[in-house]
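Undergrad: Protein chains in written order, with the numbering used here: chain A, 1 to 399; chain B, 400 to 486.
Any given hint could turn out to be false.
Derived, one-sided and incomplete: chain A residues facing chain B with beta-carbon distance under 10 Å [what the hints assert, rightly or not]:
{"no.": "1", "residue": "Met1"}
{"no.": "2", "residue": "Ile5"}
{"no.": "3", "residue": "Ser97"}
{"no.": "4", "residue": "Arg98"}
{"no.": "5", "residue": "Ser125"}
{"no.": "6", "residue": "Phe211"}
{"no.": "7", "residue": "Glu214"}
{"no.": "8", "residue": "Leu219"}
{"no.": "9", "residue": "Gly275"}
{"no.": "10", "residue": "Met278"}
If you're looking for bench data, these hints aren't it; they were derived computationally from the structure.
Using N, Cα and C, we set each Cβ at its ideal position, and we do this for glycine too.
Listed here are the chains, written in short residue letters.
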Amino acid sequence: MIRKIISGNEAVALAVKLARVGVTGIYPITPQTTIIEKLAEMKASGEINTEIVRVESEHSAMAATFGAALAGIRSFTATASQGLLYMHEMIWWVAGSRTPVVMVVGTRAVGAPWNIWNEHTDFTSERDSGWLMAFASNPQEALDLTLQAFRISEDERVFLPMMVGMDGFILSHTKTNVIIPDQEDVDEYLPPRRQPYVIDPEDPVGMGNIFPPEEYMKLRQSIDLSIKNSEDVIRELGMEYNKKLNVLGDYSTLNVTYKLDDADYAVVVMGAWAGDTMEAIDKLRERGVKIGMLRIRYLRPWSEKEIRDALKDKKAVLVLDRSISMGRGGPLYVEIKSTISDIVPSIKGVVSGLGGVSVSKSDLLYLFEKFLQGIREDVLWYYPKEVGKIELRTPRDIE
Amino acid sequence: MSLLEYQYFPVTRPGKGAGGKTGSWRVFKPVVNYNKCIGCKACFMFCPESTIIPSDGKVRVDYEYCKGCGVCANVCPVKAIEMVSET
Ligand code: SF4
Ligand code: SF4
């Protein structure tokens, strides 16, 4: 086990190396590019012997990764934003064929207009595809969750692909202290790949052939059941990870709480701004405000049980979203509301930080104070102080 | 490998898989009149679903997979196949 100052992208590349991935389908897209650059570098220096397949687009990157996975090889790819959207069709093919594959998404805003900065909308918009979806809040977690993703997706109770989200730039390009496990420990944690079926010329099978209505519906239900059942699998394998590999953090639960047990008020977040949220909560705690945080680490499976348990006796809940489901508020807000609306009297949502708008600790503190006084809107679009608010424009004004 | 009960996989084997079964949507089915059939196997050659099975010099239809397209009835030189309504 060694300690290194590395970025989130480097941490992911190291996880891919430690997982002994056989094939990586690669296509560069900001902010994920340095993951594959790092992998290519390691390949060039002989550090890894992963087959790196360079393709012409993200659609092909996922297709190549899928093909390799079907042949029984542990495979990986990474993407972001428009690239993830371009993969969208293949993402469904992988999920619908129940093939274990791992992907990392360096989350980023989706154009038009062109914007390369951080946001979660690309990630959250894949939540109905049938992939398991975890979201890291620091580079260490990006490494840990990527390693766990291989184990979880290859578990016979799951057999589904898994993606790990990580805030573009904020995590992908910022260097911090990361503990890198030893190869022997990872080998012990991650047994050779298992999957439900492989393509094999000796015993040919057809994949993704036409399915009549009844069979199709049964397959969809089986994916739904697998996602629900993966909850216990994730806890069980997380506990094993804690024991064998982990020194920081705790993976025995899907989601993470902070000072929540005795709190009257709760803030729900996902991703990197959980760090600032915790600091803002500490400030409020110093003033005697009983407030805590629930960090969503798994968007799918969505642990209704854990979330209800964590938020059950709260007076009010505020959900921060770095993404927007148009016309309905943030996706997390919508999910949380449907999960706890019968046990929490007041649930409010905030949409902020879109397209890389920087939300600082003092912004969060201001927001939480506003929330404690009672926000009137169900979903508030919050603009940090230095960003002017949206003004109504007619087409004639734009010249 | 022990697979759990809820697990279901989208795999088919080459040939007549469960995925190719016609189910309940066919409207007309071909019925062979054995008094007329001369055993030329034209229907066997043209059936796009390979559901005509030659047997004993004549032909029989595998209705589990027959789609009821009527190609066989059309190609029969002696009009030995009749498309009968199933509804
Ligand atoms: S109706 Fe069509 S599918 Fe059925 S036996 Fe005739 S040719 Fe084949
Ligand atoms: S085409 Fe007509 S005559 Fe020839 S085998 Fe078929 S049913 Fe018999």
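Undergrad: Take the hints in turn and mark each one as holding or not.
TA: Tested hints:
With 10 Å as the threshold, the beta carbon of methionine 1/A stays out of range of chain B, its nearest partner Cβ sitting at about 33 Å, so the hint is violated. At about 42 Å, the closest approach between the beta carbon of isoleucine 5/A and any beta carbon in chain B exceeds 10 Å, and the interface hint on this residue is violated. Proximity of serine 97/A to chain B holds as hinted, the smallest CB-CB distance being about 6 Å (cut-off 10 Å). The criterion of a C-beta within 10 Å of any C-beta in chain B is met by arginine 98/A, whose closest approach is roughly 5 Å, and the hint holds.
The interface hint given for serine 125/A is broken, as the beta carbon of that residue sits about 24 Å from the closest beta carbon of chain B, more than 10 Å. Nearest Cβ of chain B to the Cβ of phenylalanine 211/A: about 6 Å, under the 10 Å cut. The hint holds. Against a cut-off of 10 Å between C-beta atoms, the interface hint on glutamate 214/A holds, since the closest Cβ of chain B lies about 8 Å away. Given the 10 Å rule on beta carbons, the hint for leucine 219/A holds: about 5 Å separates it from the nearest Cβ of chain B.
A cut of 10 Å between beta carbons decides the hint on glycine 275/A: the least distance to chain B is about 38 Å, and the hint is violated. Evaluation of the methionine 278/A hint against chain B yields a violated restraint, the C-beta minimum of about 38 Å exceeding 10 Å.
The structure is inconsistent with the numbered hints 1, 2, 5, 9 and 10, although it conforms to all the rest.
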